[in-house]
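Colleague: From first to last, the protein sequence lines stand for chains A and B. For the first sequence, numbering that gives the first Met the number 0 gives the first residue as 0, with consecutive numbering after it. For the second sequence, numbering that gives the first Met the number 0 gives the first residue as 0, with consecutive numbering after it.
Derived by calculation from the structure, the hints in this document are not laboratory data. Note that the structure is a prediction, hence the values are computed from the model and not measured. Where a beta carbon is used, it is the ideal one built from N, C-alpha and C, also for glycine. Warning: the hint list may mix true and false statements.
[Stated by the list, open to error] Ranges of calculated distance between the beta carbons of each label pair, as one might list FRET restraints:
#, chain 1, residue 1, chain 2, residue 2, range
1, B, Thr241, A, Ala188, 56 to 66 Å
2, B, Gln244, A, Ser106, 25 to 35 Å
3, A, Glu103, B, Ala33, 47 to 57 Å
4, B, Ala238, A, Gly72, 28 to 38 Å
5, A, Thr185, B, His257, 45 to 55 Å
Number of protein chains: 2
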Amino acid sequence: MADSRTPASPDKSGAASPAPAVTRAAAVLDALAASATGRLTLSDLSREVGIPKSSTSNLLLALEEARLITRQGAEFTLGRKLVELGAAYLGRMDEVQEFYRYCEQASVLSGETVRIAMLDGTNVIYLARYEGHPAVRLTSNIGDKMPVSLCAVGKALIARLNVHDIEEMFPDDAELPVLTPKSLRTGAALKAQLRQIREQGYAFEDEESTTGVVCLAVSVPTRGAHGPSLGLSVTALKATYTPEQGSQMVKELKELAHSLGNPMG
Amino acid sequence: MADSRTPASPDKSGAASPAPAVTRAAAVLDALAASATGRLTLSDLSREVGIPKSSTSNLLLALEEARLITRQGAEFTLGRKLVELGAAYLGRMDEVQEFYRYCEQASVLSGETVRIAMLDGTNVIYLARYEGHPAVRLTSNIGDKMPVSLCAVGKALIARLNVHDIEEMFPDDAELPVLTPKSLRTGAALKAQLRQIREQGYAFEDEESTTGVVCLAVSVPTRGAHGPSLGLSVTALKATYTPEQGSQMVKELKELAHSLGNPMG
DNA sequence: GGATAGCGTTCAGTTGACTGAACGGACACT
DNA sequence: AGTGTCCGTTCAGTCAACTGAACGCTATCC
């Protein structure tokens, strides 16, 4: 199975288009998701995605019939079905269900804000959030994305990748996104932290995405051969954070990570 | 399910198919979401959706490139991008953000399990959930669907529709889905309740979806001309429920509904 | 008021995608 | 081993979808 037979495939780095209508439809959805207001007209979309208006019109008709988008007068928005599909994805992840159960009965974590996230390229996507006592009220929601270099869970996740992949994603002179004065700015700085993270077994964020807030994170052993990379993080206020508290939270995070990675009855 | 063996007429619901590849791709996603395990092979999908294998293969390739599905060895699952898109949809709804804020500072509701839901055909979809003190721990998650006849929020939402639409959706002899002995079983029974709901201004559920649990719900005034129909519900244990508590909760629900429907600074 | 610009829709011609059958490989059963 | 079934892929022919320009329409500007 290792040697996939590619006899005469004209691979040209740019992928061929087997079903272009689908690729285009996905581009339309992306454009809607990326737009500021989430409401675009046919002409807007046609311009944005680079598809003739008449073709775009047909695409939109089909997408609307599938309820993947909704027509609001002259404007289009994302459709309800996307919520269902996203929920179906999350519902299939046993880890998310176990995550909730564990957080409730945990001793330290049950009072904190805990999140589980998934690696997606150079971003993490938050899959679920547990808020014990809202000492720290997060503005982020399920499904939100965050660059890996700006959060503890992101660093914890890429720390597990092999060195070659990391080097490709973050060359030394890579310019990283910046949210606060403490945000890491170069690939070199990030990789230096990754070494430290591998040694100590957990990741740390010190006001790199939000001033006044610190995070701790660990990665979850991948369940099965093809599962996504999952990570766990705890958020705390820097003002009240103490190292003893931190080591206790890391301990419970690792316990949770272990139980998520090795399911049992 | 409906095995239409029509050889050359892929028309669905009598309408022409402008971009059939998109409609088919959506059907593939639906099939994956509806399947028990969420993991189907190419042949499974081909059989399920009724598309030739070679065409299905092309569709899957395109869907995979768009990350709407993920290939796991020989099986396919829903893809990460669906979480992003679903989150983008929810993130655009100001009502969801306000919902969280209000629940935290509410006096009665802040201690209860409150949900906001959206009407989608004859189902409601839960968009967000606030759990003050987990007296009642719900098994439902964001994005889950529930038939309108089985939950208070569903009844509250269809009670606002015009009589003609209701009659079309629920003729007197319609057989409704049943979850408990108390579930409404006919369209006639449902419509009788709807009259009562319109009079008293809020909807009620008495162990119709889960034994031992009651719900109260109100509908949110639709914001703008094209917004979805939103509703709010509170869940309580029947054992501890009292009418006084109920009227207080309804009062706060209506207050929240009003503020969601009429945004201001 | 008249003119302009932009929007979304319509229509016929041409290209590209979809079908269906055959192929090589991987198990499971005899 | 032999053999059957099932899986996923490949390929050439046919048909349908996509393109692009023109149209009617509304809102905006002078």
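Colleague: Indicate, hint by hint, whether the structure satisfies it.
Modeller: Quick rundown of the hints versus the structure:
no.: 1; hint: B/Thr241 to A/Ala188: 56 to 66 Å; verdict: holds, 59 Å
no.: 2; hint: B/Gln244 to A/Ser106: 25 to 35 Å; verdict: holds, 32 Å
no.: 3; hint: A/Glu103 to B/Ala33: 47 to 57 Å; verdict: violated, 30 Å
no.: 4; hint: B/Ala238 to A/Gly72: 28 to 38 Å; verdict: violated, 48 Å
no.: 5; hint: A/Thr185 to B/His257: 45 to 55 Å; verdict: holds, 51 Å
Going through the hint list in order, the structure does not satisfy hints 3, 4.
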